[in-house]
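**Q** So the sequences go chain by chain: X and R. For the first sequence, counting from 1, position 155 maps to 155 in the working numbering; every step adds exactly one. For the second sequence, counting from 1, position 215 maps to 215 in the working numbering; every step adds exactly one.
Among the clues, some could well be false.
Which copy is meant is left open, because identical chains are indistinguishable; a pair holds if it fits in one copy or across any two.
No farther apart than 20 Å at their CA atoms in a straight line, the calculated lysine to aspartate or glutamate pairs in the EDC-like style are these [to be verified]:
hint	residue 1	residue 2
1	60	15
2	306	334
3	327	405
4	91	56
5	191	29
6	91	28
7	24	59
8	318	287
9	55	17
10	24	193
11	24	174
12	55	15
13	306	336
14	396	293
15	112	221
16	110	48
17	396	363
18	124	106
19	220	59
20	24	176
21	396	182
22	91	31
Just so you know, these hints were derived from the structure itself, not from any lab.
2 protein chains.
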Amino acid sequence: MALIVQKFGGSSVADPECIRRVAKRVAEEYDEGNQMVVVVSAMGDTTDHLIELAKELNEKASAREMDMLLSTGEQQTISLLTMTLNAMGYKAISFTGWQAGILTEDVSSKAKILSIAPHRIEEKIAEGYIVVVAGFQGATESGEITTLGRGGSDTTAVALASALNADFCEIFTDVDGVYTTDPRMVPEAHKIDRISFDEMLELATMGAGVLHPRCVEVGKEFGTKIHVRSSFNHNPGTIVEHFDGKAIEKQMSVSGVAFDRNVAKISIFDVPDRPGSAARIFKVLSEEHINVDMIIQAGQRRNENKISFTISSDDLDKTKTLMEEMKWEFHAKDTEYIDNIAKVSIVGAGMITNPGVAAKMFDILAKNMINIQMIATSEIKVSCAINEDDLEKAVKALHAGFGLDMPAE
Amino acid sequence: MALIVQKFGGSSVADPECIRRVAKRVAEEYDEGNQMVVVVSAMGDTTDHLIELAKELNEKASAREMDMLLSTGEQQTISLLTMTLNAMGYKAISFTGWQAGILTEDVSSKAKILSIAPHRIEEKIAEGYIVVVAGFQGATESGEITTLGRGGSDTTAVALASALNADFCEIFTDVDGVYTTDPRMVPEAHKIDRISFDEMLELATMGAGVLHPRCVEVGKEFGTKIHVRSSFNHNPGTIVEHFDGKAIEKQMSVSGVAFDRNVAKISIFDVPDRPGSAARIFKVLSEEHINVDMIIQAGQRRNENKISFTISSDDLDKTKTLMEEMKWEFHAKDTEYIDNIAKVSIVGAGMITNPGVAAKMFDILAKNMINIQMIATSEIKVSCAINEDDLEKAVKALHAGFGLDMPAE
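Kindly generate the complete structure, drawing on both the sequences and the hints.
**A** Pasting the structure below:
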């Protein structure tokens, strides 16, 4: 008998038919003798509909009232799923975020979970109930309803699994698991059976998109095993977990190839080489909530230099405005904005112990006549900024070159 | 400066346009220097839509899960109304039932309010906020969400007004106030400016429909003045309040004529005149939640008698089944079921001090050739069961006969 937390997203509970399918899935695992906690999101486009309604009345509604409004979405799903389980003859009970004891920061719309006091859930599990909990929401100490922002429901599920000491947390999605790269681009991509939290974090951050980095971080912190799998079939998916040393050495050095098309590169030339110039630039950008990814600072002439960095293309316009002010402030010579940039990364827990991996990556790209514009490395990944037109070629070459193409079965 | 609690029902907040209209109405009274608390219901057909969704998944969903589901309706309205007030430049904040401190019995779907701890509301009022509270809902001591059942939002409003020591509670509706009788039947009916809680209770119970008896009872208990008025205009409506002795004597003895078409009359003949026969009948009916209204027990022959009573026509089928069993149990001779019965009542606080009032009623009905089948009296009303075909004639005659026809202005 295991204690399992399952999470189903909005598209999995979009209509009564979908809700019935989810209920069956939950019931199957309950029937096998497991204790079940289920976390669900708002139904399909409920959230979008509510946002639209709000915008009609107030273009800039306060985050507090938006949380009050949007948290009703999951509350509807938990009751509907619970009724469905009841109709199938199962003991089930629903809890909102605050009823489930999910305490968050006092920050509307993007609150972080501070702690979970799961005694009501534990009580009901012990009584044989399937417990259905609203994802994406919690409450502050003073009883304000909050929502958790992006990746909120996944985070609720993994955090609950951690608080309950669950055996694992199943995140249901519309794909079979985490892939070595996007199968839409590389048909030879294959599902990864097992991946470490750190690798998953790198893949998640780089847009692999299956899991939100937040929930991976919670899993890593508490050592809570996450099983990412399809809601459409019963195939085993990808297990995200801690690897011990031995397992790491057995791992292939590269687990996946990630990429991001949505990158822009900014350069500012002849910035005076004073202490604090770079700091000043990145402080201004961060104040405007512009996330900077790769950074290169390269000396060109005496006392002057060039700073290049990448951002999300979405932030390009805002960044341009700021950089032109900065150029004036620094008496810099010139600025350059290139939007058709992409980032390709290889990710693997074993990478740091295999120093040849980065060299091999550069070699593969060079052989394919792909020019590397910037490089960034971490303990478990190497990223290169390249011309967007070269992206598909690069991903395919790296996927094949690192032996990730699906083995003939 | 007054503290005012306003209540707007579902049709008043059915869409964004309606919500904006309500916001303006609230803002007007706030601008006059009043402190405002606003209670709202779920938008238009939201509740119906949710019930439909629930039925699709579980025909007999538990009351607890229905409360979890339906309480989201008002939660959406409070946030949307608050955003609208914010957009107009007003400080406003929304509270769910549990956030507003509304503690209820641990009974789903029809919980009674036990107490209200309004400190969060009082705090925000003191800070100059317009406080928007979800009607129809509360929470139990253990944190279960409950709904209040029929008349719930009106009751929330009057209970809040009582707990906050508000100057009065305004209930907005689609009519101008409480009328001397239904103006659709008697065009000469006119709005009552002022009525006592007891009279209002009698009118409410007898289907005048503007206010639910529950909220009138709360108002009576705490002496909270209720102002029933139209959401479509600014005319003064009807004030429901305690009258002191002097006011009663100044009052006209009859304030209104109420009626109910939805009445059935049941008779059981030759019930053995044993102690407990009648009690047994009414116990069985009450166990099946059948409400009995008027009762007559008339001895006919030695040791045998006839019991007649009226019920809502809706309960007739169920009652028939029970009565046929009872007939067998009592060896009663016969039963009779008449569905085309109506009840007409005159209501007035001054009635008990005017003994001629009942006699005058019977006289008016007799002059109009209307046969009285049953009579019931209380301190402030006299009701007669009559043939349904005679109802309109009876109401008009009584309305005119007691001087209620609108005075020419």
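**Q** Give me the numbers of the hints this structure contradicts, sorted from smallest to largest.
**A** 3, 5, 10, 14, 19
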